[in-house]
Structure formats: C-alpha cells, structure tokens
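Undergrad: Use these hints to put chain E onto chain C, whose structure you have.
Line by line, the protein sequences are chains C and E. For the record, in the first sequence the residue sitting at position 210 is 210 according to the numbering used here, with numbers rising by one throughout. One gets the numbering used here by counting positions in the second sequence from 1 and adding 319 to each.
Everything labelled a hint here was simulated from the structure, so no lab data went into it. Mixed in with the good hints, there may be bad ones.
[What the hints assert, rightly or not] A few chain C residues facing chain E, derived, Cβ under 10 Å:
1. Val85
2. Ala148
3. Val174
Quick reminder that beta carbons are idealized off the backbone N, C-alpha and C, glycines included.
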Amino acid sequence: MNGGARAQLTLGPLLFHWPAERRRDFYFRIADEAAVDTVYLGEVVCSKREPSFEPFFDAVVARLRAAGKDIVVSTLALVTSRREVARIRELAARGLLLEANDVATLQLLAGAPHVVGPHINVFNEGTRDFLVGCGARRIVVPVEMSAASIRVIAAGAAPAGVEVQVFGRQALSVAMRCYHARSHNLTKDHCQLVCGLDPDGLAASTIDGRPILTINGTQTLSRGYCVLLPELAGLRELGVTHLRLSPQAVDMVQVLRLYRDVLDDRRSAAEALQALRTVTGDIPYVNGFLHAREGLAWSEPPAARTTAQGAGVGAALRR
Amino acid sequence: MSARYLELVCPAGTPAALRAAVDAGADAVYCGFRDCTNARNYPGLNFDPDELREGIAYAHGRGCRVLVAINTFPRAGDAGPWHRALDQAAAAGADAVILADIGVLDYATRHHPGLRRHLSVQASAANAPSIAFYRQHFDVRRVVLPRVLSVEDVAQLVAESGIETEVFAFGSVGPMSEGRCFLSSYLTGLSPTSEGACAPASHVAYLERDGRVLSSLGEVTLNSFARGEPAAYPTPCKGRYVTHGRASYLFEEPVALNAIGILPELKAAGVTALKIEGRQRGRAYVTHIVGTFRRVLDALARGDFPATALDELRGEAEGGRDTFGAYRKGWR
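Chain C extracted, bound-state conformation:
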C-alpha cells in the first residue's frame, strides 16, 4: 500500500499527571509488551509536574532502550520562565533526541537534530522547509490538519519524516492559567497538583449536559478519543511515516496491538475498531479534523473503507 519503509508506531508523551510509580510501571510494561517503535517521554503540559518522575527517568530510559525502542524526550508547549528554559537546556545536554513544542527549544538546540512537536505550528511547506533546515528530523503535524494539508506537508518532507496522531484525545489549547486548579477554586501558584486526581483528564460539559472538552491542567483536550484506524492505510499513502498514539488511561498495550495488526494486514480496520470499543468503554470517538470537518465530528467509516485494502481509504482521504 505504500512504497516507503514499514510504518512506525509511536507512543506520544503522557499528557496526564499520573503518580510517578504508575508512570514508571506503565513504561516498563510498554517496554516489555508493546508493539511500538518509538516512545516519547517528558512533560509537555506543566513544569510543576516534572520533578516527581525524575527519580525514575533513567530506569525507564534503560528499560525502553533494552527493549529496542527509540526514545524521544518531549518538552513544554508553553515556556515562560527561566527555570523552564534551564530545564530544556539540561534535557538537551543528556544527549537524547528532543521533541520541541515551543520555539524556545528550537533556539536552544541550535540546529541539532530534533522532532518538531504538534504544538509548533507547521501548517505549510514554507514553515516545514525552514524547520527542516534548522535540523528537524521529523515533524508532528498540528492536530487540526486535514488530509489534504497533510498530503502537501508529507509530499516534500523527505528526508524528514511526518507524524500524525491517530489515537487519543486531541490537545486543543495550552494556557498559562490552570483550569484544573480553577475548577477546584484554586490558582496555578497554589494548585496542590489537583490535575493528578484525573488520570484521563477532567470532563467539562456544556450547560445543557453535553460532555465536550477534557481539562488537563493548563491544557484543554477533546472529549472524544481521536481514532484513525480505518484511515491508517490512507495516511500511509499520503506519505506519513510515523503514527502517534497518545496515552490514555486504558490498556495501551492492547490499543497498540490493534493498530499494529491493521498496519500489518493481520486484522481488518472494522474488526480492530470493534475490538477497540471494548478497550475504551463508552468514550466517544472523533476524526473530524482529518476529514476537514469540525474536530469533534465522527464520520463512521463506510463499509468499503473498513477493509484492510488501502484503495478505498486513500480515495476517501483524497477528496
């Protein structure tokens, strides 16, 4: 279905604030059991969360490495303090590949190879080319991007890779203000890390009772999980090299297995989608952005697109 190399599955950075031991055990299990090529560590949302995981960082890196996983360390989406800048410098000095989510990180890396994360706006080929010239080895496109735009970005990206999120809640905004704290009548400076109470985020509904958003500290995400299983083959046809699953508080090993099976034609997208429902419970799914619709929309895959054959999917994405 695609002339390029085997599709790479990646596990995006954990966006939620889990207790450090749970986070460590999660990555140990990923190392031991998960069908994933690359794992992103690091904190994207809030620097106040960072110290808790630090004691386990090296052990997690070692375990993932021993399992043959590539490692990337993600960095903050909104950098405002000198302490946060110093932290990025320190991460860069560890010699691990970084994912830049704020332009600050691009500047601190000074041309060293890196991944451009989804929080840096790469909406067009002009920006892509400039950043590849600055050392971007791979570009994770913004969640808002449609298939038509991804096609343009992917077409001329080589030798850089292009990564698209295909599972998990989509990050819609980042702020200085902590809405998690605000929901508890606290402020960011005295937050008591209440974001840790919600390992899959805090539901925010409309006033007429429709769950619509998820709050995660200073970050706001979609309520539904983005699920692009029937679209995997089409994304490969567009030239996407890496497919990102963003960790949620569900059995991610099983989720990764389903995606890998579809990519390897061991399972049809329809079967995988059905199996995924049993893993994710009653969380709604979204795929609107890829289909150039409102992000919260879910287009049920027509029967033809749920087969393992890529042709129908590619045609649907080309529209």
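TA: Just chain E now, with coordinates in the frame of chain C:
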C-alpha cells in the same frame, strides 16, 4: 520617532476607524487586508489595497504610523494570498508588518528585507530563546507579547532579550496561548489559525428555550442568559462549562482587559508600546478608548496621573467589569 512615555498602537478595523484612531491621538494604527491573511477576518472589516494606500497617506500626513497584520498561518499549498499581502503592504508604504508564521517570516525576510517586521501575538513567543530565534533568523524588531505574562515576567523578558515589546493594554482577554488554539475549529471546522476568524458569525446562533436565550457555536451550547440580559458573543473560551457538577466560566469571566491603572508599571518594565485590541469595534469606541489613553499617557509624560480616567474606561469593559488579566500573578 520622538521618545514617548509609551507608544500607543490602535486598532483600525475599517478606514473610518483608522481615521478616528489617528484623530484621537494614536502613535500607530494596525490593520489588515480583507481576507484570510489576518486574524480578524470578519465581514465588513479590513482594507483593500487602495484603502490601505489612502489610509497610510492619511496617517502619515498626521505623524501616525501604519502596521499591517498578516498574522495567520498559510494553508498548505496555498501561501499565495499571504505573499501577495506582503507585497501589497510593502508597495503601499506600510511602516511595518506584523507576522506570525515562520514560512511567511522567511518569505518577508528574503523578498522585503527593508520592510520592518514585528512578531505577532499569534506566534506566542513568551520567552527569551523564542524571541532570539525570530530575531536571529528574521531580524524581527518588535515582539507583541502574549497575554499570558505577569508584569514581572514582562520586565524579565525585556531585560533579557533587549528587544522592543508591545503589550496589550485594553480589550478582550485571550486566556489561551494565541495562534495555537483549536477550540473554535473543534466546534466549527473553520480554522482561526488559517482562515482568520475565531467563532465565525456563520456558525453562531441564539435561540430561546424555557424563557432563556441560549448562545451556541456550531451545534454546541456555550452560554445561557435571562431574557433581556445582554447575551455575550459565543467565543469558546468565554463560554460556561460544567465541571464537578457546577457551571462556571471555566476559562475566563466575561471581563475586559484594562491596564490603564498599571501603565507606570509597564513603563518601568521596559515596555515600548501599548496595544489597544478591537479591530471589530466601531468608530465611536475607538475614538473614546484611544482618546482616553492619549490623555492619560500625555499626563504621565508630564508626571501626572489623572485618576478620573480609570472610571471613564470602566464602563466600556465587557459586562462593565475589567481585569488586569495575567499582569497580576493571582490571575493564573
């Protein structure tokens, strides 16, 4: 230009608003073309190239500069409108362009090296290394700082980066990191980032239910009001949401930013210019706000501070309430 207490940069959503701002004492006005290349792409607003040329002539004739905002992010494969906007702004004699996209900045640097470049708030540059990046690669001369920084943060950033900064002084409060907020496209499918319209009017509705007015964006209810109560425009970050079973203005209360009470602090922080938000506002509003800031700034330059000015502007704030926003640490 002569040393001013703080430069006053004012919104010009229309040619009439441009003249009003110039007449009321703006040091500079900012405006955009009538298309997706600027972040206030709303019906009835903005300039065509002829109007821009005329506006620049009017402003320059009265000692006022004109900054052209080309501050959205080109769609993939379609940078033409953005490049054309840059070429037209340069041809019209704009004093500077306000840019956000790295590709657009790169084009401007290569094709219009002599055209002064400011970094838009849409680029969300909130730290010294980011500013250094845009300066090193694109010779950006001024940064419009995101509305997420405290006065202390601003002072530190100015000291560290040594660049001209422009900060928001009045108008709506943007709680999210700007240029990177996908809430409106999540609800409508239209991207503010590339189309230039957050909460586009085509997707806004007000309907009555059980004696109340519900406002919605896309198919999603964002607020409800008693009959007769003024119904605020349904912008996603200004809506009410329910968490823990309780409805609240989760992101931001219906308030307006008003920094007129802390201008000496902003001056002491090393800020160069103040930005008045509101290209969607009419001539009377522009005249009133700009005129008030002009009087206060002139008084401050003389060493006075007219306390009455604070009360004057309070009535103009949305919902009659104002805030110092992120400038005060307790806000976040």
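Undergrad: Under 10 Å is the threshold here; is the Cβ of Val85(C) close enough to any Cβ of chain E for the hint to stand?
TA: 6 Å, holds
Undergrad: Min Cβ distance, Val174(C) to chain E: is it shorter than 10 Å?
TA: 5 Å, holds
Undergrad: Holds or violated: is there a CB of chain E closer than 10 Å to the CB of Ala148(C)?
TA: 7 Å, holds
Of the numbered hints stated above, none is contradicted by the structure.
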